[in-house]
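Sequences and hints are given; from them, build the entire structure.
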Amino acid sequence: MPERLVLWDVDGTLVRAGKVASEIFATAVEHVLQRHPGEHGVVMSGKTDPQIALEILAGMGLDATDGEHHLPLVVERLESELAGAVDLIRARGRVLPGVAEVLAALDDDGSAVAQSVLTGNTAANAATKLAALGLDHWLDLEIGAYGSDDRDRRALVPVALGRAASLRGWSLSAADVWVVGDTANDLACARAGGARCLLVGTGHTPVETLHGLGADAVLDDLSDTDTVVELLRS
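Count along the sequence shown from 1, then add 9; that gives the number in my numbering.
Treat each hint with caution, since some may be false.
Straight-line distance between alpha carbons at most 25 angstroms, and here's what the computed SDA-like set of lysine to any residue pairs gives [said to hold, decoys possible]:
| hint | residue 1 | residue 2 |
| --- | --- | --- |
| 1 | K28 | R86 |
| 2 | K56 | R160 |
| 3 | K28 | P106 |
| 4 | K56 | A133 |
| 5 | K28 | E217 |
| 6 | K28 | Q43 |
| 7 | K56 | A140 |
| 8 | K56 | S89 |
| 9 | K56 | H213 |
| 10 | K56 | S180 |
| 11 | K56 | R205 |
| 12 | K56 | G143 |
| 13 | K28 | A140 |
| 14 | K28 | E64 |
Honestly, the hints are just simulated from the structure, not real lab data. Quick caveat, the model's predicted, so the values are computed rather than measured.
In structure tokens, the structure reads:
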């Protein structure tokens, strides 16, 4: 059994998808409602896919009931559109600094550290992005926690721990978990689940702001492999 479970956020922490996802959100909504959401202005960073979809629908004038009614169709279309945009993700997206080196180093750590994801993406969307950019083979995505599990990110640490127990037989506690992300929502999620949190300044939140949030650790990025690996093993 591993001693640590590292749960990585995807967008802004491991990868940037080159705004492909935001464009495909608009395409998915347009397909379902037969009208384009326009410049919806919804801030996507740190939110779950269902949460983002509902906010876009609300901005188009749908009430809560109508939004919930259309949500499954929007998410389904979002997943299918993104799966068809792998070449676009590869062309416009990128792996963030130091990510591949850290994932590889932790993967070489024997059985001491397990790696998965905790992300606002649905499970399908996370798998699409990570596979497109070549990171999926380092991550045990079956035990991850996703926006498709709960639209409230704060509920997701127990989801990952539950899957680690049921699918791998690991009796890990929240104290054994590191959540790595790039927003205040990642920290809130970690705190709600009793996990530790590393924040990195590779997303849209300035690193100076991240330092003031009270995370267990804050780094500019993941480029110092030895420092990151030592921290996540601790």
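Status of the hints after comparison with the structure:
no.	hint	in the structure
1	K28 x R86	holds (17 angstroms)
2	K56 x R160	holds (8 angstroms)
3	K28 x P106	holds (18 angstroms)
4	K56 x A133	holds (16 angstroms)
5	K28 x E217	holds (24 angstroms)
6	K28 x Q43	holds (22 angstroms)
7	K56 x A140	holds (21 angstroms)
8	K56 x S89	holds (20 angstroms)
9	K56 x H213	holds (13 angstroms)
10	K56 x S180	violated (29 angstroms)
11	K56 x R205	holds (19 angstroms)
12	K56 x G143	holds (23 angstroms)
13	K28 x A140	holds (17 angstroms)
14	K28 x E64	holds (18 angstroms)
The earlier numbered hint that this structure contradicts is number 10, and it is the only one.
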